[in-house]
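**Student:** Each chain, written out:
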Amino acid sequence: MNPDSNAIDICFATLGKKGRVALIPFVTAGDPDVKTSLKVCEVLIENGADLIEIGFPYSDPIADGPVIQASYTRALAKNIKSSQIWDLAKAIKSLDRHRNRPVPLVGMVSYSLIHRQGVEEFLNHANDAGFSGFIVPDLPWDESEGLEKAMQTRGLKLIQLVAPTTPLERAATIARASGGFLYCVSISGITGARKDIPPALIERLKALKCRSSTPLCVGFGISQPDQAEMLKGHCDGIIVGSALVKQFVRFSNEPVERVLADIGLFCSSMRKALDT
Amino acid sequence: MTIAEKTPLSAVPNALGRFGPFGGKYVPETLFEALKELEKAFRSAIGDPTFLAEVDKWLQDFVGRPSRLFFAERLTKHAGGAKIYLKREDLNHTGAHKINNCIGQALLAKRMGKKRIIAETGAGQHGVATATACAVFDLPCVVYMGEEDIRRQKLNVFKMCAMGATVSPVTSGSRTLRDAVNEAMRDWMASVGETHYILGSVVGPHPFPQMVREFQAVIGRETRLQCLAQMGKLPEAVVACVGGGSNAAGMFYPFVDDASVELIGVEAGGRGFGVGEHSLTLGYGNPGVLHGTFSYVLQDEDGQTADVHSVSAGLDYPGVGPEHSYWKVNNRVRYTSVNDKEALDGFQLCSRLEGILPALETSHALVEAIRIASKMKPSEVVVICFSGRGDKDCYEIARLLGHE
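Protein chains in written order, with the numbering used here: chain A, 15 to 290; chain B, 262 to 665.
I should point out that these hints are in silico values taken from the structure, not numbers from a laboratory. C-beta: ideal position from N, C-alpha, C; glycine also. One thing to keep in mind: the hints can contain errors.
Claimed, not checked - A few chain A positions that, by computed beta-carbon distances, are all more than 12 Å from chain B:
hint, residue
1, Thr28
2, Arg34
3, Leu52
4, Asn61
5, Ile76
6, Thr87
7, Leu90
8, Val117
9, Ile128
10, Arg130
11, Thr179
12, Arg285
13, Leu288
To be verified - To spell it out: a stretch of chain A is covered by chain B in this simulated footprint if at least three of its residues, at any positions, have a beta carbon under 8 Å from a beta carbon of chain B; those stretches are:
hint, region
14, 154-163
15, 168-178
Model the full structure from these sequences, guided by the hints.
**Tutor:** Following this line, the structure appears as structure tokens:
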């Protein structure tokens, strides 16, 4: 892969020209099973997702909230393995052929899993499977140099995070170093749906916009279309995690089609909020 | 290489929190500043004679230090070799070494102006020690404890509540210590401004492994002085049990640069060598990341944390402190194992011969100490870090021995 033609960069460049804010839904791989995860991704793409974030289930996710951990636990109870996640990614990428816009895949994965499989081996699989970048929430910028270099040689992007507790100068440095986009954590704490947008977040986004050209995406606690509407003038993308993931538990006792339909409606309502 | 050029093994961690390749800070960005703030506060406190004097005063007047170094004459006779001494951490207030760390960290939290304390606990020993420190220092305290452990450790839950702590049940994952750590980290991420997290072992992100070691090193420092005073020499061997590894780190650290002292860490062999049957993190694990640090860890081939087992609730942890990994790869500490059955035998032996009920964790160290003492000369000395008393385990032991 040509390092200059990373799909995430192309995606944000294209969206930027149209003035469109990226909608990035998060999907746990393998909850309730890989086949259904693929269907969920299809529905999300049909309803306006620009990138998809694939969560790699992990047994001890300190950076994630109860909703995502419960989802990881369900997927692990069914014995999800990395090899199945590579197959899932390939299947999602094969959908690109039927569309005029490719949808980049971003993995969210604990460094524990990457280290155990070996950085080189993990990234080779990731590259083959069609991932364009990774968010590694338990690998702060200061510890990430080795992984970032290994990713760069493969044209993959290491997406860094900043939190409300990150001092502005450090946040600006991390923003400039981040690949693909910068993941701006909206609130201190863990992932999970929240109702309001903190004013300090808007201030932070404005300050970072002046200090780096990296696209800014906001995650943690975005669950309502009106939140998306409030944010859209201040960032380049929003990440929707827990609000979506909490739907997955319904697969255990409701018809798959009904749950998929609700997921589609939710996604398109977020899309509309960003586009109006 | 000459001795002068060689960096002593005790000169760790470095400024990045690394013990050789181990340690570091594998945490979400949200916690990064808090860890830096904690590191700064810890460095300043540990260099401040007033703070150290205050810690010492509380350890003396409240905890009851120095703890005794006791010559176990009948155990020595039983082993038929080296003299066996017990470093009696079980005589501390709350009955184990855990309180040393809690006093230090609670005083540090007050110094930092923190208004609230959180902690994780497995069997409840660290939870009780934290609740104790918070009661006496008037700090609100929330202890995260797995639902499964709450059921098994009712007495410790009662003790914590009696001292005013809130015990928060953890219902995620395996509902045990691992998940309690995850939950405490989450709380901390959301409350980091006014809250200090008192981690109970030499695990987690930097500076915790160093800080907990420093607060526990009082064990080894006292032992060293007591040996010199009572025997006029250093011991030939020192034995301690290793779960996360706090009592062992505190005991070993002051001896690390004494090449003549053999150091032996004992992990829990559980009931077998299959995955989920033991807690042999250093024996069977591989270097990996868990709970914010790079150290040996028990994982499956995909990187998921493995289930662990031990009859002793304080030893069944799938990770271990990064400094232990460092000592292992540098061959400074020999890590070995004692299984459930041997530990139960050790409990009974020590109770009958010495009139001291050891904690099941401590029983692991005891068994290995008897093993090595039997092969040593009567002029030689083995010291056991007698990490805790066995009262907490009596119901479980009675059940296992069929005395119900």
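**Student:** For each hint, tell me whether it holds in the structure or not.
**Tutor:** Structure-based check of all given hints:
1. Thr28: holds, 28 Å
2. Arg34: Check passes; 27 Å lies beyond 12 Å.
3. Leu52: For leucine 52 of chain A, whose nearest Cβ neighbour in chain B is about 20 Å away, the distance exceeds 12 Å, so it holds.
4. Asn61: holds, 30 Å
5. Ile76: violated, 4 Å
6. Thr87: violated, 6 Å
7. Leu90: violated, 6 Å
8. Val117: Consistent with the label, valine 117 of chain A stays out of reach of chain B, its closest Cβ about 26 Å off (over 12 Å).
9. Ile128: Its Cβ does come within 12 Å of chain B, the nearest being 8 Å, so this is violated.
10. Arg130: Since the minimum Cβ distance to chain B is about 3 Å, arginine 130 of chain A lies within 12 Å and the statement is violated.
11. Thr179: Label violated. Min Cβ-Cβ 5 Å, cutoff 12 Å.
12. Arg285: holds, 28 Å
13. Leu288: holds, 25 Å
14. 154-163: holds (count 4)
15. 168-178: It holds, with 5 qualifying residues against the three required.
Hints 5, 6, 7, 9, 10 and 11 from the earlier list are contradicted by this structure; the remaining hints agree with it.
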